[in-house]
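Colleague: So you can see what is in the structure, the chains are spelled out below.
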Amino acid sequence: MSRSAKKGPYYDERLLAKVEKAQKTGNREPIKTWSRDCTILPDFVQQTFMIHNGRIFIKLYVTEDMVGHKLGEFAPTRVFKGHSGGKKAAAK
Amino acid sequence: MPRILGVDLPNDKATHISLRYLYGIGPKTSLELCEKARIDPLRKARELNDEEIARIAVLLDREYTVEGPLRRAIAQNIARLRDIGSYRGSRHRRGLPVRGQRTKTNARTRKGPRKTVAGKKGVKEMR
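Protein sequences, first through last, are from chains A and B.
The first sequence begins at 1 in our numbering and counts up one residue at a time.
The second sequence begins at 1 in our numbering and counts up one residue at a time.
Only chain A is shown next, with the shape it has when bound in the complex (with noise of 0.2 Å):
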């Protein structure tokens, strides 16, 4: 089942400080965050964020066509690099 509307959309309140306090400063820097269920907001279009995928940071720059989007879906938690014993894997 989906959120609620009446609530608006879940994000991080500490992710959106950090954000705003990037964009005053005119900071660059990406953001290192951990909040992948954090929803993707308009106020972080063009914001550079270092995602944790549970083993590193995945770097994402935020585009308008991601809000609504969670942080999570851009940077995957699994690699699969093929069957053992498959064809294809051998060959690479």
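Note that these hints are calculated values from the structure, not bench results.
Among the hints, erroneous ones may be present.
What the hints assert, rightly or not - Simulated pairs of lysine to aspartate or glutamate, DMTMM-like, Cα-Cα distance not exceeding 25 Å:
#  : chain 1 : residue 1 : chain 2 : residue 2
1  : A       : Lys7      : A       : Asp37
2  : A       : Lys70     : B       : Asp83
3  : A       : Lys59     : A       : Asp12
4  : A       : Lys7      : A       : Glu20
5  : A       : Lys32     : A       : Asp43
6  : A       : Lys18     : A       : Asp65
7  : B       : Lys28     : B       : Glu47
8  : A       : Lys59     : B       : Asp83
9  : B       : Lys111    : A       : Glu73
10 : A       : Lys6      : A       : Glu64
11 : B       : Lys104    : A       : Glu73
12 : B       : Lys13     : B       : Glu32
13 : A       : Lys32     : B       : Asp83
14 : A       : Lys81     : B       : Asp83
Claimed, not checked - Some chain B residues flagged as far from chain A (calculated, every beta-carbon gap over 10 Å):
#  : residue
15 : Arg3
16 : Tyr23
17 : Lys28
18 : Arg43
19 : Arg46
20 : Asn49
21 : Arg55
22 : Leu59
23 : Arg62
24 : Arg93
25 : Gly95
26 : Thr105
27 : Arg108
Unchecked claim - Calculated from the model, a selection of chain B residues having no Cβ within reach of chain A, i.e. all distances over 12 Å:
#  : residue
28 : Ile17
29 : Glu51
30 : Ala54
31 : Val66
32 : Arg71
33 : Arg114
Yeah, the Cβ is synthetic: ideal placement off N, Cα and C, and Gly gets one too.
Using the hints provided, position chain B relative to the given structure of chain A.
Modeller: Below, chain B alone, put in the same frame as chain A:
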């Protein structure tokens, strides 16, 4: 046979059934259309006169997205997911289920017919 929006040729079924031959018209919208165009949904499509068909066509044109434009809109939505590099986009690219379903078994609608892998456990015993 009546002809709406170029190619579609519904047959001699009831109007509300034959309207569903249009891409993007289901049970609900088809009944809605009949009501708005003031056509008895149970009359056979064959019995519709040109004026009634025109009424439906105008309604479709004005208030609904069907056929080509609908297909295009859907394709664009998927293309957007691909372009922004989201997880859902990558699932579309790989032809796997997009909404978190299991893929250990099932998922045949997305994956297509089974591709048996030689040498995999269980293949020899099956013969």
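Colleague: Against chain A, does Arg114(B) hold up as non-interface, every C-beta pair farther apart than 12 Å?
Modeller: Arg114(B) is indeed farther than 12 Å from all Cβ atoms of chain A, at 14 Å.
Colleague: Against chain A, does Val66(B) keep a CB gap of more than 12 Å to every residue?
Modeller: holds, 26 Å
Colleague: Are all C-beta atoms of chain A more than 10 Å from that of Arg43(B)?
Modeller: holds, 40 Å
Colleague: Are all C-beta atoms of chain A more than 10 Å from that of Lys28(B)?
Modeller: holds, 21 Å
Colleague: Could you grab the alpha-carbon distance between Lys32(A) and Asp43(A) and see if it respects the 25 Å cut-off?
Modeller: Within the cut-off at roughly 16 Å; holds.
Colleague: Would the hint linking Lys28(B) and Glu47(B) be met if the CA-CA limit is 25 Å?
Modeller: Holds, at about 22 Å.
Colleague: Can we confirm that no CB of chain A comes within 10 Å of the CB of Arg62(B)?
Modeller: holds, 28 Å
Colleague: With d taken as the least Cβ-Cβ distance between Glu51(B) and chain A, does d exceed 12 Å?
Modeller: Given that every Cβ of chain A is farther than 12 Å from that of Glu51(B), nearest at about 43 Å, it holds.
Colleague: Does Arg108(B) sit more than 10 Å from chain A, CB to CB?
Modeller: At roughly 17 Å from the nearest Cβ of chain A, Arg108(B) sits farther out than 10 Å, so the non-interface label holds.
Colleague: Determine whether the non-interface label on Gly95(B) survives the test: each CB of chain A must be over 10 Å from its CB.
Modeller: The claim stands: Gly95(B) keeps its Cβ more than 10 Å from every Cβ of chain A (closest is about 13 Å).
Colleague: Please check whether the beta-carbon of Arg46(B) is more than 10 Å away from every beta-carbon in chain A.
Modeller: holds, 43 Å
Colleague: Straight-line Cα separation of Lys59(A) and Asp12(A) no greater than 25 Å?
Modeller: holds, 18 Å
The structure fails none of the hints (numbered hints given earlier).
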